[in-house]
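The lines below spell out each chain.
Number of protein chains: 2
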Amino acid sequence: MSGRTDAAALRAFSVSLCRAAGLSADDAALLTDSIVFAECRGVTSHGLLRLPQYIARLRSGATARNVPMPFTMECGGTARLDAQNGLGQLAGRKAADKAEELAGKYGVSFVAVANSNHFGTGAWYAIPAARRGFFAFNLSSAASAMAPHGAAQPLLGTDPLGLALPRGEGKAPLALDMALSTVARGKIRYAALSGTPIPETWGLDAHGAPTTDASAVLNGGTLLPAGGAKGSGLAIFIELLCAVLTGSGALGGTGLLSDLSRPAGTGHIFGCVDIKRFLPLETFERLCEESLSRITALAPAQPGGEILLPGEPEERRAAESAANGVPVAAALRETLNALAEELGCAERL
Amino acid sequence: MSGRTDAAALRAFSVSLCRAAGLSADDAALLTDSIVFAECRGVTSHGLLRLPQYIARLRSGATARNVPMPFTMECGGTARLDAQNGLGQLAGRKAADKAEELAGKYGVSFVAVANSNHFGTGAWYAIPAARRGFFAFNLSSAASAMAPHGAAQPLLGTDPLGLALPRGEGKAPLALDMALSTVARGKIRYAALSGTPIPETWGLDAHGAPTTDASAVLNGGTLLPAGGAKGSGLAIFIELLCAVLTGSGALGGTGLLSDLSRPAGTGHIFGCVDIKRFLPLETFERLCEESLSRITALAPAQPGGEILLPGEPEERRAAESAANGVPVAAALRETLNALAEELGCAERL
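As you go down the protein sequences, you meet chains A and B in turn.
When you line the first sequence up against my numbering, it's residues 1412 to 1760, in that order.
When you line the second sequence up against my numbering, it's residues 1412 to 1760, in that order.
Read the hints as simulated data drawn from the structure, not as lab findings.
Take these hints with a grain of salt, some might be off.
Treat identical chains as interchangeable: a pair holds within one or across any two.
Below 27 Å or equal to it, Euclidean Cα-Cα: the simulated BS3-like pairs (lysine-lysine) are [stated by the list, open to error]:
hint : residue 1 : residue 2
1    : K1505     : K1598
2    : K1516     : K1505
3    : K1582     : K1505
4    : K1598     : K1687
5    : K1598     : K1516
6    : K1598     : K1582
Generate coordinates for the entire structure from the input sequences, incorporating the hints supplied.
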């Protein structure tokens, strides 16, 4: 059952399940595009793993289907979209397109999305805008998972931050797509399974004490912000912008599956800057390449090591997925096939 | 010689030295305001310590005096200022004011500053804008000091990032003013002096290897980014925006004193978002306080510890400085008094 699957087959499978969960053809294709984009890039945390979660929320009504998502404000470079508790990817795509349109007119934009849900991988929004000549950024609030600096308990989300800039010479954009926790929970789960000690900067135990025991973090403990007070401070700002400024809610949202009885109340920010206002795009790209090539030419810290720029590991994985198919773990394949059967879909992975 | 000095006396002293170094009365007052603001807040790394460095650059001509600093582009929410190698604080104040003006018109702004110098503490720009109802942000390139993730040698600047949001109930704005290195070089110097081992995340030795020996970092080694690949990725984006997009230069600028024969080529970005476009300012402030009070009400990680929000330690120190005077270390006092004598100024600290 394990092995590699062609991206087109993953796409057809995902669309079929999304349609069975009540999404329109367009919405199913858009959600699928975000999921398969992430999976092909090796960002498995935002790939097919999420499909059962999104579908569970759609079927329970915790996430709404086929809502119009109107812009409730548009003025100069700013706008606000009410996602009406629909899928984050649908709201996000609409808001990211608006951010690009407004930056085309005003040079810079800042678009708030209220009452949304998990929006997937930020690179899915930022990279296409960068390809069209924009500096693109996005932020999202997220479920409570991380202790603020100095606290023993979680409250902040891991709050993803997505950035992209165009590169010249036909290269894929420079893309940073990061959460503000020191590491993803998945890495701590893996350490717990393999019995490997973890650095004390990864999390606290249930008593709020630093620990090298991964299972102590998972059993009632909390993740810690990257860079201590720095990541904590950034996450506080991201939460206040995404949850409060958008009008979505407050700190400490719920997870995708932790409460199917109420909306997630997630908020996002999307923005773009039109590079050609400042200098010709070709000049910008050429000067960036000069600077970036100085980075990659540095002596590596590990003998024989390679210095990779933000987004390069994902681009390599995407090329590899395109050439050889996308690896899908056996357990995930089984989960997805069982869900397909439950939904009455004929497709299997 | 050690002890506390009234902020007004620090101000008069600094203005006198700046005037003797050839600055106009207005420019001397503005540079002094940034320096004394930082010193009063306990941000000594951007306080009086910098005055001899700024003055050395002014006297050598490495930083220009009395240049007009024109806006070379203004279009929608974007603008570009050419600092003409003048002081970063003068360029920064002008650009931050423009960012606020444009955000008032277009809701959001993004102002680039080219050909500038060290701009001091970012909170000095962001906090006043937040008091007037804006989300304010600023970024700067900086001298090469930090190894990109995976590299053994420094190239990235520590690249400061300043953010501020207004708070209700007469409270000072929430303010994050951070560099992207794990810690400031000053902390590593202190560890070297006191013989204390440092965490391996602070820096690399001259061979690019992680070390707990502070002096090994200082002697030909390099600082490391906060949060590993995350801080490194953010610094790469900040450098490309501040150095390249502004038209200032490239990665890896020079330090304040490392080369008095040429311009620093520092660039900055200033931006604002007008909060009241999204919701009434009072509503935003009230909802922020609700969220922030949930953070400070969490159980502390240290028994009896307190959870401080971004900017709170600095605000407390500023209140303490206002009440009891600003502590100035004896060695710094001597350096400054010697400089005053050299410049023919009558004032002494």
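Okay, which hints does this one fail, numbers in order? The structure breaks hints 1, 4, 5, 6; every other hint is satisfied.
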